[in-house]
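From just these sequences and the hints, can you work out the full model?
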Amino acid sequence: MTQDTVGMEVHLAGDALGVITVRGDVTAASEEALMEAYTRVAEDSPRAILLDFSGLEYMNSGGIGLLVTLLVRANRAKQRLLARGLNDPYRQIFELTRLDEAISIYTNEAEALAAV
Amino acid sequence: MSEQNMARDAGNWATPVDRLAVPNVPAGALDTVGGKQVVSPIQGFGKMWQKTYRVSLAGADVTPAEVVETWKTEFPTFWPKGNQFHAPLTGIAPGEVALLQASVGGGLKLSTGVFVLYADEDSFTFMTPQGHMFAGWITFSASEEEGTTVAQCQVLMRAQDPLTEVGLVLGGHRKEDRFWQDTLRALAARFGLEAEPETSVVCVDKRRQWGRAGNVRHSSAFRSGIHTATAPLRKRR
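Protein chains in written order, with our numbering: chain A, 5 to 120; chain B, 21 to 257.
Straight line, CA to CA, 20 Å or less: simulated DMTMM-like cross-link-like pairs of lysine to aspartate or glutamate:
#1 B:Lys129 to B:Asp197
#2 B:Lys92 to B:Glu141
#3 B:Lys92 to B:Asp140
#4 B:Lys129 to B:Asp51
#5 B:Lys226 to B:Asp197
#6 B:Lys67 to A:Glu105
#7 B:Lys71 to A:Glu36
#8 B:Lys129 to B:Glu185
#9 B:Lys71 to A:Glu35
Okay, the calculated beta carbon distance ranges per label pair:
#10 B:Val37 to A:Ser108: 18 to 28 Å
#11 A:Asn112 to B:Leu213: 49 to 59 Å
#12 A:Asn91 to B:Ala233: 28 to 38 Å
#13 A:Asn91 to B:Lys195: 38 to 48 Å
#14 A:Glu105 to B:Gly55: 12 to 22 Å
#15 A:Gln96 to B:Leu213: 31 to 41 Å
#16 A:Ala114 to B:Ala30: 27 to 37 Å
#17 B:Ala206 to A:Ala118: 46 to 56 Å
#18 A:Asn112 to B:Ala30: 22 to 32 Å
#19 B:Gly55 to A:Thr43: 41 to 51 Å
#20 B:Val189 to A:Gly11: 39 to 49 Å
#21 B:Glu214 to A:Asp19: 53 to 63 Å
#22 A:Asp19 to B:Gly234: 30 to 40 Å
Bear in mind the hints are in silico, worked out from the structure with no lab data behind them.
Keep in mind the model is a prediction, meaning the values are calculated, not measured.
Cβ coordinates follow ideal geometry from the N, Cα and C atoms, glycine included.
Here it is, written out as structure tokens:
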């Protein structure tokens with residue numbers, strides 16, 4: 005099995021925005037870490053969840069699939085899913101996979117917070 | 021992100037495309053995907069499913085990378101009888117488009133295609149275009165688990181339109197399961213094994229996206245039906 009080499013930290017930005025900071029590789033093996041991070045940050049019922057990818061090292065198609073699963077889970081809880089910290093190649097991958105139609109991309113946390 | 025990691029990643033993903041193009045249509049194939057956009061499960065209509073099919077290659081002296089290489093190179097040979105996969109001339113590589121005919125029952129073959137979204141030495145992923153039965157991704161991979169190589173096919177998809185959703189409920193899911201199970205049996209046989217795949221099905225989202233019901237206008241089923249019905253006339257020419 006592919007080794008899990010991802011780290012997740014969570015914090016709240018105001019009452020409305022839960023932030024998951026992603027570090028390392030996001031692959032299918034990251035499912036447990038990502039869902040556990042979501043569970044922790046969602047405890048306070050923020051209106052939106054921001055995925056901070058500024059520490060992302062690598063993401064494969066399994067990782068993209070994981071984001072879709074997380075999106076469904078967040079939407080079920082009536083939360084929006086947002087992203088920041090994506091470099092140009094990963095922004096393009098969000099466009100290619102059309103994830104950007106459901107996960108809004110922001111430049112920084114303050115901008116995301118202002119949008120929720 | 022470091023430059024080293026971008027180099028590790030860069031060639032594995034397809035570059036963005038607005039519309040698909042099929043420059044060389046193989047003989048016997050029907051291009052119903054040229055000019056279409058690719059679609060993810062987000063753009064589909066039906067319930068979202070994650071289906072995972074796995075087969076253990078215990079007893080075969082083969083690494084995950086060798087399995088994936090063989091799978092890519094000989095992909096059409098693993099498909100069940102009655103279905104055709106026209107691999108791109110340059111092979112299964114990011115950005116390529118492959119045309120296919122899938123038997124959907126009643127003698128009808130559906131002509132559609134897939135876009136190669138991602139490929140590395142351990143996995144490769146197809147993304148479907150508008151008009152395909154499903155909106156989503158199919159990832160083929162192999163990994164080592166406790167000293168044994170395991171091959172896996174994982175589908176994350178929604179039916180693309182209401183007609184396909186009805187078809188899935190009326191036996192389409194069973195047919196799809198059999199399709200990928202047979203594919204994995206054929207892959208195992210390629211390595212000299214008679215192995216039984218395991219299947220795991222999870223409904224990720226029970227909701228149907230009624231706002232996407234209009235996807236039916238892209239359906240390739242109509243064009244494929246006409247193509248099948250007029251096949252005898254083409255043969256006569």
